[in-house]
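Visitor: Chains as they are written, first to last, in the UniProt record's numbering: chain A, 1 to 392; chain B, 1 to 392; chain C, 1 to 392; chain D, 1 to 392.
These aren't lab readings, by the way, just hints derived from the structure by calculation.
Treat the hints with care, since some could be wrong.
To be verified - Over the 12 Å line for every Cβ pair with chain A, so calculated as not near, a few chain B residues: (1) Ser13; (2) Asp16; (3) Gly130; (4) Asp146; (5) Pro226; (6) Glu349; (7) Lys368.
Claimed, not checked - Distance windows between CB atoms, simulated: (8) D:Leu196 <-> C:Gly10: 46 to 56 Å; (9) C:Asp243 <-> D:Gly306: 52 to 62 Å; (10) C:Glu5 <-> B:Ala154: 49 to 59 Å; (11) C:Gln203 <-> B:Arg189: 56 to 66 Å; (12) B:Arg216 <-> D:Arg52: 55 to 65 Å.
To be verified - If the Cβ cut is set under 10 Å, some of the chain C residues that face chain B in the computed set are: (13) Arg216; (14) Gly217; (15) Gly361; (16) Lys368.
By construction, the Cβ of each residue, glycine as well, lies at the ideal position given by its N, Cα and C atoms.
There are 4 protein chains.
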Amino acid sequence: MSLAEQALAGALSIADLRRIARRRLPRAVFEFIDGGAEDELTLAGNRRAFERRRIVRRVLIDVSEPSMRTSLLGAPAAAPFVIAPMGSCALAWPEADLAIARAACAAGIPYTLSTMSTTSIERMAKAVQGRLWFQLYVLREQASTDKLVERAAAAGYEALAVTVDLQAGGKRERDLRNGISLPPKMSARHVLDGMLHPSWALQMLRAGLPQFENVRGLLGDEGAGPTIAARVGQNLNPAWNWDDLARLRDRWPRKLLVKGVEHPDDARRMVSMGVDALWVSNHGGRQLDGAIASADALPRIADAVGGKAEILVDSGVRRGIDALKARALGAGAVAIGRAALFGAAAGGEAGARRAIEILTGELALAMKLSGTPDIDSVGRALLDGEPTQGGD
Amino acid sequence: MSLAEQALAGALSIADLRRIARRRLPRAVFEFIDGGAEDELTLAGNRRAFERRRIVRRVLIDVSEPSMRTSLLGAPAAAPFVIAPMGSCALAWPEADLAIARAACAAGIPYTLSTMSTTSIERMAKAVQGRLWFQLYVLREQASTDKLVERAAAAGYEALAVTVDLQAGGKRERDLRNGISLPPKMSARHVLDGMLHPSWALQMLRAGLPQFENVRGLLGDEGAGPTIAARVGQNLNPAWNWDDLARLRDRWPRKLLVKGVEHPDDARRMVSMGVDALWVSNHGGRQLDGAIASADALPRIADAVGGKAEILVDSGVRRGIDALKARALGAGAVAIGRAALFGAAAGGEAGARRAIEILTGELALAMKLSGTPDIDSVGRALLDGEPTQGGD
Amino acid sequence: MSLAEQALAGALSIADLRRIARRRLPRAVFEFIDGGAEDELTLAGNRRAFERRRIVRRVLIDVSEPSMRTSLLGAPAAAPFVIAPMGSCALAWPEADLAIARAACAAGIPYTLSTMSTTSIERMAKAVQGRLWFQLYVLREQASTDKLVERAAAAGYEALAVTVDLQAGGKRERDLRNGISLPPKMSARHVLDGMLHPSWALQMLRAGLPQFENVRGLLGDEGAGPTIAARVGQNLNPAWNWDDLARLRDRWPRKLLVKGVEHPDDARRMVSMGVDALWVSNHGGRQLDGAIASADALPRIADAVGGKAEILVDSGVRRGIDALKARALGAGAVAIGRAALFGAAAGGEAGARRAIEILTGELALAMKLSGTPDIDSVGRALLDGEPTQGGD
Amino acid sequence: MSLAEQALAGALSIADLRRIARRRLPRAVFEFIDGGAEDELTLAGNRRAFERRRIVRRVLIDVSEPSMRTSLLGAPAAAPFVIAPMGSCALAWPEADLAIARAACAAGIPYTLSTMSTTSIERMAKAVQGRLWFQLYVLREQASTDKLVERAAAAGYEALAVTVDLQAGGKRERDLRNGISLPPKMSARHVLDGMLHPSWALQMLRAGLPQFENVRGLLGDEGAGPTIAARVGQNLNPAWNWDDLARLRDRWPRKLLVKGVEHPDDARRMVSMGVDALWVSNHGGRQLDGAIASADALPRIADAVGGKAEILVDSGVRRGIDALKARALGAGAVAIGRAALFGAAAGGEAGARRAIEILTGELALAMKLSGTPDIDSVGRALLDGEPTQGGD
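So here's chain A without its partners, still in its complex pose (with noise of 0.2 Å):
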């Protein structure tokens, strides 16, 4: 085993990834991958509820197989999980997107590849034979987002996913003051951390700087924002509203999930459009800091939808225990975003296969020492103190 690969076989946990990407990666891109908006209330607060819920475990139950096995969106998935889109990852590891999309596709479990994706929507569809789904930003340019919409049709993509919560790129300070763009513009301080990184730094040389490849020729102005977030929000259209998701309800013929729902009164709107599922997120933490954390919006989201609607959930995903819990509270899966960026970062495929590893092996065993057969058969009162009739 090579040093790396060391390093992966003893990563006991995603918080062992993030310390491995950590220390490999220049602190601009860890940061940029890691932080969160202006003071990171919403990012520590997705965290907090997760770990605050508490589960009253079941006991003699058969748990010698335990089944992680299930449906989302009317096709089997290994296991409750999902990777969440995320954009400029080949910062992090050359090709990084396709590394995780294989790792998905190995653990049979569906991949979103970002708008913002550093590979492009078809050397995508052509390089994995998994589930993939395709993640929407909505431009300003009406005819760019269609073509998007188009592109993502004919490559195969077998769900579109929405994102509806970046009105305008989120004030995330660390890369303000850290300078991350993309493409990258290095400055003298760049061009330092790189070296003091080096074995990132050789990897970037060798594999040209990264793009966004799917928005090429399309962004307003190629150079301008002080950050990733800051360029890609520009570049969105904050008027999109209700009445353009109807129509593009009536274009895109497959499954159409909204990304960054929060609100009951919303998610009962979206199922009355024919919207296939609902991803309560707040976007990591990234975009309003002082959005409710995804874990408390969840049941409430869930208790409004009963049941006419698949529910997805991402931020503060860390521990496989994380799934079970979403799944008590509501949600068909949970989607993970920056853990298997860590992976990634920390040893490529490899690394996204490990991340990945961990999760579901950690949600087998929670599975089993809850008496948890079945993640399908996991209701709310499996959770402490969890009201079991909502409403909002």
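Chain A is fixed; fit chains B, C and D onto it per the hints.
Guide: Chains B, C and D alone, transformed into the frame defined by chain A:
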């Protein structure tokens, strides 16, 4: 750009401006601005009361042009912000009052001149064309108080905000230890501290010692009081009461605000007396250490008033999103004190502009990200778990 | 002014006096005063219970002459403070009992002499002209206890406060580690510690070793017990019960207080037996670690008693505003122990005066700032969120 | 007294014994005992759940001879304590099982031998005359399990406690990093660690490598599993269920306990099946990280059972007062694991005696100070704010 301009431009948050101010100012001056009373429990509680409130975002609303224009005291304001009255500002920057007022004027928000300002009522009125309010401390001599009111009326101030929470000076232990006073009494320690902050010291030497310009000759004992707060407190009338407020209401023909309200019953009585606006405040945690946080008192005041008067709130505002939360809790605007003064201490008028720019920028972003196209449409339901029907 | 006088004058708070005392005293003595039982959970909880309560201020009330005069046990007190009984005080300052009693007398508040004081009942009565109460520990020998009661009666003490929460000495681990005892048994470590605190050591040498003056010859074994608390506990009667209290009530013709009450049912029963005042206390967190905070027990005791007896409270008072909160919660006065002793340890009688001056000054200020012209008019509504109707 | 005896005598609390153990043991061994699963959230929660509960003391009750004698499983115990089963104890001290059992016997409390003990069922029964219970892990081979039960019956164990919360080994990351196993597999790091702890290393060399004496030859693969927990988990039967429990109930004629219960519905069902006692436990935070604290699960179990079975509780007990709180919450006794083993690690049998002595001494004191003359009279009303009528 000069180094100072670069520092201002690099300030991303009010916390950054505070850091610049801390470096620039002698410790005694910085702590006079930054500190609170006794154990600073209320100071910390103010901030926590804003931070712990979480927003449940709405999506799919056109937020391409979020409007933060609003009406305050029957006249338009470009944003739901007001500059809170602050005394002794010239300790932080020469003519800081004017610097902040000009910045407020440029930003289209009202400015409140303190009775204890280092700029006179008349000079301010001549120098600045924007909306000006006058904050009234009730002096022990009724005639002196009357004269202040007459001067404010003659100078055209559109509103009078009478402060009712300084029955005595708060016990600000940092000031007592630092021995801060106005006009400054220079000890060896102060001289040394000044030498360690040469840019500040040079400014002070050039500008001359600041004075309480509005009350020259009115304070009982020019040298009394171990701290600024104590000296102010000794010169105010602790017997001033409801009858006096009624008389003031009769004498002052324009808008009348009462600043320092916390109790719903007090609020109701003021409304019944024709007070135009209630200013919920605990003086930034500088008076009664143990007072309820402003953001906790606010919704009960709003419930008690039921729309029959306008409401302002201060104490603890450090981020633009706090204004959104305050609106949701029932305030028409938030007043900012330290935030603006940190800006002025960091760079005079440019610094004050930067402070307002940061807060309005953050508010605009928070409005977009929370689905709030119009600040006047915000209701309590925006906040997680806030009781929507109250009373007290 | 001497250096010591300057230090006292510079002390702004009880925390400052505590710091001076910590510097002056050998560690074993300081920790004996400052510490609590076991993990000091109750010690910390006492303080937190005061700090977390918040006041909703009233305004526009004439507070030019706030009156903190009140009635305690049917006689006037200049302020709602009482000195709590403390044993072994002479370890901190020679004749600290007298120093504190004189300071209390000067301030017009009652002083409670401990059974375990280092000044005799008679000497105190002759030396001090103020209101004197005697705190009674029930010794194992009934005759010894009777004798104490008779001596207190003969010496003219106006009230007897029988302590009921020292069925055994608390497990004060700091004392066990430090090996503190009375009369002091000097180990090499103690001698070294004394040499490192020469002003204290010189005082002790001059004054001679302090003794438990009230119980000379009454304690079973002069040298027993690894700590002061243990030795005291071993000599008290853990069988003392309701019947004994009834007999004491019959024997003592003046005011009778019971100190160490926490449970509403106990309080009701005492009232029905003719006890004049209940003293809510957990012995400053020095006895049962895990006992409810005094400020949490207080309102339920007040509800149970319904005005049929007076109520005192101690444990955790460090600021003047705590007395205001305690009044709002139903107490007639707060008893201060460590606060006064920190003062005496810092500077004898002058230090004790300074402690009382700080607390009464802070209370007067808190009354002004909360709109409280008269301490006797304070009700529970002054506090945020405190249930105004209780019971238990 | 030897130095070791002095250290034991100087240990005032379980925390002190833990400190001695930490110094004496190699890090891998200490952390195996001290640590919990994953992020140790449940480990910390267990302690906090005891600490945050507060007692409302009663006074004026004769507590001169507090009786902590009670009945457990129909036979007398000198105190409401039981030794919890612990495997691999000989890593801490040679024959630690016997040391702890002898200490328990001397103290008049039951001892529970672990299936994974390093002392055989028969040897323990011969060596110790006290009350012995046997803790049963259900092995994958039914015949092996049956044999264990038969051996326990033949050896005269009065009760069988079947553990139901180890469906798999918990994810104890400290152990995974330290590479602890039984029998020990010595890496260079372990040898070095041993050399740094010579008194421990010498003991081990003299005593020989400890083995799982009860399951010699029964474990599937002598070398399997990266940690002790993993190896144990791999050899247990995760399919063991309610039917199996019913069969065990039929086969075992004496008292049957189920250890690891948290859910009230599980508790009710066990009671209906004739289980004699429920042992509320989350395995000391070593299994499911995210499980509810034992002291939080306890009162609901008590409400569900309604007195139809006895209840034990473990996980988080570190002070004698915890036993009083556990009694108030509905348990008949608390089981102590780490507390006793820290004692044994600090000084063998004398250390284990010291641990029990500390806890019973603290409990006696807590009983006196809370007005509890008889442990059997404790009710839930002793605790502040604990709902006295429950259910689940």
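Visitor: Examine each Cβ of chain A, and state whether all of them lie more than 12 Å from the Cβ of Asp146 of chain B.
Guide: About 45 Å separates Asp146 of chain B from the closest Cβ of chain A, which puts it past 12 Å; holds.
Visitor: Would Ser13 of chain B pass as off the interface with chain A, using Cβ distances and a cut of 12 Å?
Guide: violated (7 Å)
Visitor: Given a hint of 56 to 66 Å, does the C-beta separation of Gln203 of chain C and Arg189 of chain B actually sit inside it?
Guide: Violated, since Gln203 of chain C and Arg189 of chain B (Cβ atoms, about 32 Å apart) do not stay within the stated range.
Visitor: Closest CB-CB distance from Glu349 of chain B to chain A, is it above 12 Å?
Guide: Given that every Cβ of chain A is farther than 12 Å from that of Glu349 of chain B, nearest at about 24 Å, it holds.
Visitor: Taking the shortest Cβ-to-Cβ distance between Asp16 of chain B and chain A, state whether it exceeds 12 Å.
Guide: Asp16 of chain B not clear of chain A: closest Cβ-Cβ about 9 Å, inside 12 Å.
Visitor: Does the Cβ pair Leu196 of chain D, Gly10 of chain C satisfy 46 to 56 Å?
Guide: holds (50 Å)
Visitor: Once the closest CB in chain A is found, is it more than 12 Å from Gly130 of chain B?
Guide: The claim stands: Gly130 of chain B keeps its Cβ more than 12 Å from every Cβ of chain A (closest is about 28 Å).
Visitor: Taking the closest Cβ pair, is Gly217 of chain C under 10 Å from chain B?
Guide: violated (46 Å)
Visitor: If you take the shortest Cβ to Cβ gap from Gly361 of chain C to chain B, is it below 10 Å?
Guide: holds (8 Å)
Visitor: Going by Cβ atoms only, is Arg216 of chain C closer than 10 Å to chain B?
Guide: violated (42 Å)
Visitor: Has the hinted range 55 to 65 Å been met by the Cβ atoms of Arg216 of chain B and Arg52 of chain D?
Guide: Given range 55 to 65 Å: holds, Cβ gap about 57 Å.
Visitor: Would Lys368 of chain B pass as off the interface with chain A, using Cβ distances and a cut of 12 Å?
Guide: Violated, since 4 Å does not exceed 12 Å.
Violation of the numbered hints given earlier is confined to hints 1, 2, 7, 9, 11, 13 and 14; the remaining hints are satisfied by the structure.
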